[in-house]
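A.B. asks: As a plain string of letters, each chain reads:
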Amino acid sequence: MIEISHVSHQIAGASILNDVSLTIPRGGITALIGPNGAGKSTLLSLIARLTPLQGGQITVDGADVTTTPTDALARRLSILRQDNSVAARLTVADLVGFGRYPHHKGRPSPEDHAYVEQALEMMGLHPLSGRFLDELSGGQRQRAFVAMVLAQDTDYVLLDEPLNNLDMKHARQMMERLKEAARVSGKSFVIVVHDINFAAAYADLIVALKDGRLHSLGTPEEIVNRPCLRDVFELDIAVETVGGHPFALHQIAPEPLVES
Amino acid sequence: MPSDSTASLPFPSQRAMQVKPLVILAVLALVAVALFLTLGVPAGAWEFALSFRAGKLAGLILVAFAIATSTQLFHAATRNQILTPSIMGFDALYLMIQTSLVFGMGAMATLDIDPMVKFASEVLVMMGFSTALFLWLFTARSRDLHLLVLVGIIFGTLFRSLSNFISRMIDPNEFVVVQGAMFARFNAVNIDLLWISIGLTALTLPVLWHMRHQFDVLALGRETAIGLGLRYRRVMFAAFGMIGLLVSVSTALVGPVTFFGLLVVHLAYRILPGARFAPTLLASSLIAIITLVGGQAIYEHVLGLQGTLSVVIDALGGITFLYLLLKGVRR
Numbered sequence: 001m002i003e004i005s006h007v008s009h010q011i012a013g014a015s016i017l018n019d020v021s022l023t024i025p026r027g028g029i030t031a032l033i034g035p036n037g038a039g040k041s042t043l044l045s046l047i048a049r050l051t052p053l054q055g056g057q058i059t060v061d062g063a064d065v066t067t068t069p070t071d072a073l074a075r076r077l078s079i080l081r082q083d084n085s086v087a088a089r090l091t092v093a094d095l096v097g098f099g100r101y102p103h104h105k106g107r108p109s110p111e112d113h114a115y116v117e118q119a120l121e122m123m124g125l126h127p128l129s130g131r132f133l134d135e136l137s138g139g140q141r142q143r144a145f146v147a148m149v150l151a152q153d154t155d156y157v158l159l160d161e162p163l164n165n166l167d168m169k170h171a172r173q174m175m176e177r178l179k180e181a182a183r184v185s186g187k188s189f190v191i192v193v194h195d196i197n198f199a200a201a202y203a204d205l206i207v208a209l210k211d212g213r214l215h216s217l218g219t220p221e222e223i224v225n226r227p228c229l230r231d232v233f234e235l236d237i238a239v240e241t242v243g244g245h246p247f248a249l250h251q252i253a254p255e256p257l258v259e260s
Numbered sequence: 001m002p003s004d005s006t007a008s009l010p011f012p013s014q015r016a017m018q019v020k021p022l023v024i025l026a027v028l029a030l031v032a033v034a035l036f037l038t039l040g041v042p043a044g045a046w047e048f049a050l051s052f053r054a055g056k057l058a059g060l061i062l063v064a065f066a067i068a069t070s071t072q073l074f075h076a077a078t079r080n081q082i083l084t085p086s087i088m089g090f091d092a093l094y095l096m097i098q099t100s101l102v103f104g105m106g107a108m109a110t111l112d113i114d115p116m117v118k119f120a121s122e123v124l125v126m127m128g129f130s131t132a133l134f135l136w137l138f139t140a141r142s143r144d145l146h147l148l149v150l151v152g153i154i155f156g157t158l159f160r161s162l163s164n165f166i167s168r169m170i171d172p173n174e175f176v177v178v179q180g181a182m183f184a185r186f187n188a189v190n191i192d193l194l195w196i197s198i199g200l201t202a203l204t205l206p207v208l209w210h211m212r213h214q215f216d217v218l219a220l221g222r223e224t225a226i227g228l229g230l231r232y233r234r235v236m237f238a239a240f241g242m243i244g245l246l247v248s249v250s251t252a253l254v255g256p257v258t259f260f261g262l263l264v265v266h267l268a269y270r271i272l273p274g275a276r277f278a279p280t281l282l283a284s285s286l287i288a289i290i291t292l293v294g295g296q297a298i299y300e301h302v303l304g305l306q307g308t309l310s311v312v313i314d315a316l317g318g319i320t321f322l323y324l325l326l327k328g329v330r331r
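In order, the protein sequence lines correspond to chains A and B. Going by my numbering, the first sequence opens with residue 1, and the numbers climb by one from there. Going by my numbering, the second sequence opens with residue 1, and the numbers climb by one from there.
Worth flagging that the hints you see were computed from the coordinates, not collected in a lab. Just so you know, even glycine gets a beta-carbon here, dropped at the ideal spot from N, CA and C. Treat each hint with caution, since some may be false.
[Unchecked claim] Here are the simulated lysine to any residue pairs, SDA-like style, with alpha carbons at most 20 angstroms apart: (1) K105/A to H213/B; (2) K105/A to K327/B; (3) K327/B to D134/A.
[Unchecked claim] So, partial list: chain A residues that the calculated Cβ filter (under 7 angstroms) puts toward chain B: (4) A74; (5) I79; (6) R89; (7) P102.
Based on the provided sequences and hints, a complete structural model is requested.
C.D. replies: Next comes the structure, spelled out in structure tokens:
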């Protein structure tokens with residue numbers, strides 16, 4: 001599990017995270033939700049040691065992210081960031097191949113190729129594997145980056161808005177496949193999602209952040225309901241139940257609640 | 001350098017695709033070397049001509065390798081393909097260090113020091129200075145490329161002006177010591193410094209070979225590289241240290257050449273699209289050798305011209321630079 005204790009973070013004097021403590025359990029999908037600027041991406045960067053910790057402590061299965069050697073951590077935890085671009089001219093297969101770097105350090109074995117194949121397959125990238133990244137659409141590139149992170153084959157996978165730029169078909173497919181991977185191989189996914197309904201339908205645990213603080217934490221039913229969402233997003237959202245999952249109708253203003 | 005790093009490509013056919021251009025480049029480089037050694041040698045003067053030209057040839061090859069390598073390392077470390085160490089004023093920094101040394105100690109004292117010791121200490125100062133400066137500039141989170149171009153031009157101008165300023169304050173007689181280093185001249189490679197330059201450059205080879213895969217990961221950018229477990233600061237440090245050393249070597253041997261690195265490295269990117277660091281480095285070094293040695297052979301021995309090759313190369317490189325800027329090259 002990932003244990004975050006008393007983490008505070010400031011960027012240029014502005015407080016981004018304020019004394020956040022929470023435990024992300026091992027296995028399953030944990031969704032981070034919250035309005036823009038709540039500190040979701042910063043929290044992921046801190047867990048993945050992309051940004052040095054300013055205060056507090058984060059451990060991944062007991063390993064402190066500040067002191068654990070970075071290459072050892074890369075075999076345990078991987079991260080997809082929100083804005084992905086590479087300067088070098090790379091093919092999709094090459095990029096996904098880099099996901100194996102923490103394991104082979106430049107000398108891939110047949111086993112590494114198998115992982116790359118599997119990740120390409122999982123993201124439906126086989127027809128595109130020989131294409132250069134700058135010849136792809138935004139959604140295709142996004143899938144390539146997710147495939148790279150999956151090829152890294154770590155117990156913990158942090159994904160900052162993996163559904164960015166994806167069409168409906170690929171968005172649903174990705175969530176289904178992550179769910180499947182979590183179920184079959186016991187991996188833990190921590191995902192920042194903007195569409196609350198993806199969180200409600202696929203996450204095992206939802207963590208709501210607001211203004212740099214932990215707002216609430218619970219099952220989809222506990223978080224995705226009208227009062228809680230109103231509090232987190234400062235927006236009145238009607239919530240229905242569809243197929244056993246809470247379903248937020250956030251696109252339209254609801255009928256005002258009749259106070260009884 | 002053999003290109004076994006391409007074995008990591010999932011598709012072996014790509015490796016085969018890279019071998020052919022590399023072989024062609026190697027053959028062309030050999031032709032250039034042969035031309036340089038043999039063109040226009042008067043009958044009976046073979047022994048003299050060969051020994052004389054061999055020294056120059058070694059210098060040119062060294063410079064070709066140093067400029068290609070430093071440019072490619074710079075591209076990997078800074079995640080851009082437009083700026084090069086020379087455009088960012090690295091060579092001007094070296095000249096500034098040299099001028100300051102002459103100014104600080106006086107030309108006589110500078111001449112008295114063993115040139116090897118002098119050169120080695122210049123290189124060390126240069127490595128320290130440039131590493132500190134550019135690490136500071138580039139380790140901060142994502143920088144805007146246009147800002148960097150601007151900063152680079154300002155730095156280059158600053159260093160050039162400072163060394164001009166210092167050279168104005170030194171005795172005209174002492175200035176002669178410095179002057180030699182200030183202009184690119186391929187036809188008069190500084191043979192005195194050749195051996196130590198070869199030694200220093202040889203130091204980078206095992207490091208480059210050992211770290212070639214790490215430079216591939218470095219080129220993915222800071223966040224992705226750290227996510228893949230690269231010891232980012234250490235690799236950046238190694239990259240900028242070697243850039244400082246290689247720029248010193250090439251500037252000391254032939255003087256500053258602003259756009260040459262950009263030209264050869266971009267040709268290599270075109271010839272081996274999507275290739276890894278090691279094969280690309282091999283290609284760019286070979287292209288640099290073909291351009292420098294072949295160009296010099298033709299200039300010196302066919303056209304009978306002297307010392308204008310750098311102008312031609314810089315003109316071509318400058319056009320490439322403008323073209324890349326206008327095209328808004330991938331960052």
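A.B. asks: Give me the numbers of the hints this structure contradicts, sorted from smallest to largest.
C.D. replies: Result: hint 2 breaks, nothing else.
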